[in-house]
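A.B. asks: Here are the chains, one letter per residue:
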Amino acid sequence: MSDADFETIRKLQAERNAAAAAKKSSRTFDPSNQRSDNTSTKASLTESFDTDLYSRDGGDKYAGYLTSLPADGDEDMQDADADNSRRLVGQYTATKSQIEEFAHGDGVEEDDPFAGRGEKSTRIVDRETDYQKRRFDRTLTPTRADPFAANRQAGAAEDGDSYREIMERREIEREEERVRQAIQARREAGETNGEEHQATLQDGNKENAEAGSTDVATTRKRKKRWDVSSTTVDEAAPEAADGKAKRSRWDQAPALSAPGAADASKKRSRWDQAPSATPVGNSGLVTPMHPSQAGAATPSFGTDIAGPNAAISDEELDALLPGEAEGYKVLEPPPGYAPTRAPTHRVTATPLPSNYGGFMMQEPESGRLGQNQIPKEIPGIGDLQFFKPEDMAYFGKLTDGSDENALSVEELKERKIMRLLLKVKNGTPPMRKTALRQLTDNARQFGAGPLFNQILPLLMEKTLEDQERHLLVKVIDRILYKLDDMVRPYVHKILVVIEPLLIDQDYYARVEGREIISNLSKAAGLATMISTMRPDIDHVDEYVRNTTARAFAVVASALGIPALLPFLRAVCRSKKSWQARHTGVKIVQQIPILMGCAVLPHLKGLVDCIGPNLNDEQTKVRTVTSLAIAALAEASNPYGIESFDDILNPLWTGARKQRGKGLAGFLKAVGYIIPLMDEDYANYYTSQIMEILLREFSSPDEEMKKVVLKVVSQCAGTEGVTAGYLKEHVLDEFFKSFWVRRMALDKRNYRQVVETTVDIGQKVGVSEIIERIVVNLKDESEAYRKMTVETVEKVVAGLGSADIGERLEERLIDGILHSFQEQSVEDIIMLNGFGTVVNSLGTRCKPYLPQIVSTILWRLNNKSATVRQQAADLISRIAMVMKQCGEDALMGKLGVVLYEYLGEEYPEVLGSILGALRSIVTVVGISQMQPPIKDLLPRLTPILRNRHEKVQENTIDLVGRIADRGPESVNAREWMRICFELLDMLKAHKKGIRRAANNTFGFIAKAIGPQDVLATLLNNLRVQERQSRVCTAVAIGIVAETCAPFTVLPALMNEYRVPELNVQNGVLKSLSFLFEYIGEMAKDYVYATAASVVKHIALGVVGLGCEDAMVHLLNLLYPNLFETSPHVIDRIVEAIEAIRMAVGPGLVMNYVWAGLFHPARKVRQPYWRLYNDAYVQSADAMIPYYPNLSEEGIDRHELAIVLAASVVLKPLIPFNMQGSAVLL
Amino acid sequence: MADKLRTQQELERLQAKYVGTGHPDTTSWEWRTNIARDTYSSIVGHPSQLAYMSLALNEPSAKLRAQLLRKMVQPCGPPPPREDQEMYMAPPTPRAQE
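Those protein sequence lines, which keep their order, are chains A and B.
Per the UniProt record's numbering, residue 1 is the first one in the first sequence, and the count goes up by one each step.
Per the UniProt record's numbering, residue 1 is the first one in the second sequence, and the count goes up by one each step.
It is possible that some hints are incorrect.
[Claimed, not checked] Subject to a maximum C-alpha distance of 25 Å in a straight line, what follows is the list of computed DSS-like cross-link-like pairs (lysine-lysine):
| # | chain 1 | residue 1 | chain 2 | residue 2 |
| --- | --- | --- | --- | --- |
| 1 | B | 63 | A | 433 |
| 2 | B | 71 | A | 1162 |
| 3 | A | 661 | A | 736 |
| 4 | A | 133 | A | 462 |
| 5 | A | 522 | A | 575 |
| 6 | A | 710 | A | 736 |
Keep in mind that the hints were calculated from the coordinates and are not lab data.
Everything numeric in this text was worked out from a predicted model, so none of it was measured.
Sequences and hints are given; from them, build the entire structure.
C.D. replies: Structural data, given as structure tokens:
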């Protein structure tokens, strides 16, 4: 760059500065002419009025903001999920929209502006997708019989449903589903009659009839249905005895039958029911009824919206009815009258119209109800952290105030559990802890039934929050251990509740779910697990099958794959239903995802198990099989190719036969298997599959594109695939079909293409790739240029630039410069690309540097702030290379220009400029710096006052560097000024800034002597903020360390006389820090007296001969031994220990003996603590110092043996050994 | 409450690790036994000290070592009967001398 150029830029900059200054005075209110510079005195309608916030210069008022939104905003989400989310996405066959939904959180969270602020944001339902919400469709099935119980006679849950019954029920469900679909189909075919009919069928399609309250469920028997032939006779009998009318499931208002009201269950025709009383909306019905909810369903009249039926409070009654003034009075209830406790007023939880057709008004939970009915305190529990209205439904029983003595043992037990659960769920941490322990310890006494009957419905509650769920799950986890095989009848119920955790978005929830299921399978045993989950494998609902598959995978990992393998084999070959096969294969797919390379020993078995399914007649099964194989191959990489031998053929031939989605799966599997092969095979199979890949290069399907790219990059990464092969067969096609502008527009494709290109680049070399794409750097599409720059950056960063020829190098730099200049939105990718390329080329850049620098200079002078910022950032990246190229003169010029720009108004830009200056100072050194430091530093001083974090960080770094390396270039006065500014830095939020400021204090103190710095710091002890004071104290410590303590201590102690608590505290604190920092240097200052300092002093002087002072300190310290405050006593004991270290145990133990057997326990306590600490640390050293106890029957005469002048003396009189071992 | 529990647990752990540590309810007999055992084990554990003593007593060090080890069995006699459990250092009783 010529000097003329440089001068032009300087001149321009000067003008710009002047203009900015002029603007500043005129833009805002001008006091001289009392008006702003606008020609009109009125405020412009089109411009922002607030000039401080929106500076009005030019059209750049959006500088600093993103002016365009990324096309696909979920990029980050994708990233964040990438490491573990593969478990979530793409394994169940969900539609694309569902998968998208997952990534976006269904808009529930994003769209709600108050999400995260409102108190309900922690609710789990709020962030669940529709798919996840399907968990509410599941019901807690009745308790099951335990066929594996050791002594069946004793089995309490003998009356549970048997396996056979459940299988029959599943059969019915399938039939229902079929009928429902048939009806649906017929309806869609034209006859649109009676919407009610449709609702009826949908309502009934779940297990509502069987569900209901769980304790009723155990006695309720199957209903006779026309399509069930095998209802055993003995089942009918108890039902008849119950006196319950057999109901057809269609007309049932389920679960209204409470235990107490079981016999009163009347037959209701659904026609006379108001819509809201139909089962669906009411969550208590779809989910099972909690025992305490019994009767909660108040008979509803008309449209029941809870509100009108709410109880009227006393105040309201007072307002409504005439009072005593009018001669009325409220009568006392007669003695002995007990009001009928209103059944717990369940504020019906917001109904979830999950499978209900119409629109439903969400009923707001009446605040009035909530206020009046939520007790502040539950008797026998104490203060809770919170108590939600929903809790009332479950724990309301505790507040009914009934007499505990009148209750039966069972009821008492129930209440006990309820109380403990409430404590765990809503209590304070210590409360929770004890309650959890009680629950665990007494789990077997309580029994599995009562426990799970209360816990599980709680977990199904819709308003459950993360914390509550975590705690309840923890309870289950703990009691599982204790209950062991007693859980068997409840396994399915637990699974229904826990399985949804496996597909939760939250990683920890998934881990928690896995742990529970794994513990459950260990407690219940394989046989129970299989028989319990078997019916769900071919469940009608895909959601159930999906979660069951995941749960099965967990069981496999808990009990070992071999144990489960025979079962899996059977399921995968199921003739009866393809759903079963699908689920079976899915289990196999989940196992490697869960266990990783631990599948290796069983790989053969697993592959054989699903191998035949590659040729299944159902497409879905084939697809999931190929995905399972992909998962297995991925997990076993790089081993285990021999296990896949058998399926290679079907896989490759299958890949030829398949089309569309099926093909994508097959290709994926192929892509994962190829890296396992040895070279020859890999080469052969790659060439086999490449044909298909090349054909699919032009596929319009996005999913297919992604898979193809992935497979190509996997193939490229394999040993056997040679660079020559890739160049010959793949590269041309690849670049033709994927390096097109359209690919750059979609974020996902963009990334995949870049990755694949980089992977291929690893094989074929830098120049091959760059040669092909370098032209794109001058393309007209910006996104395409960006994609190119990113690829270039990654390839060059990975492989270096040695391979790049001279001509290519020229084109590359030219292209990058072009795209750098042409960018309309300043992007970090461009910056990184430029930086990487320049750094990699190193000295080869020399010819281009003038051009680059001139570009930078021009851009530094740009109107747009982001352009300036980017230019400054670029300087900090290439400063090193400029030094290598010996362009010191250029750097000097850059330094001068940057210096001129220190008046920059945008803090972000200013930060970057400072960063650029810093990197220049670093490479050229303090003495060579242009402009000279003595000019630079005074300009930095005011900038220190800037509050922006980036600015602070960069300035403090720069100033600290100068203070460290070249403090002499600036006079002391300037440094003092900087000191004052630095004090403000101590308030910074970022720890790094505070630390840097503290260190800088040290450097400055070293440079100009500690007195002035210290005075500044001591004054700062008077300020209000604690953080600032603490930092000051630390800074004093640092100053003392760098400038020898004697310079600091007198001033510090003098300061202690200031009658102000903060200052005195600060002094003590800094003393403490001081002694901590200076360590051994403290030996001269042991006579300082401050209790908290003693420890550090003592530890600092160990072995340095200050015992006298230490004993003195000990004497002062010792009376404090009976402090009760835990912190104080800890410090005291620590200090005594430290002194023991300094003076040896003998002396200190003399203080201890006296109290070890003191009559008062309060005295003995701390003494034994001291004794124990001493014993642990120096038991051996204490031996000679134990008190003389010869009268006590212990005569340690061995210690008195003395060998003196060849005469052996056996002293018979034990001497007093108090203190030290005196020998003769 | 939880804090107390923790200290209790910590003490138990400490005691499991170091037999010689005590607590407010340690009896004098227990303490004395520990002192004596610690003393003997310390002598046995420092070969130079053992050598010194064997020289002074004119005994082979192996023999002396065995003697000391034997002494570590109930160095202060059998534990006192439980009813007159001593809470503090009691004056010597004739029973203790026996």
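A.B. asks: Give me the numbers of the hints this structure contradicts, sorted from smallest to largest.
C.D. replies: As far as the earlier hints go, 1, 2 and 5 are violated by this structure, in ascending order.
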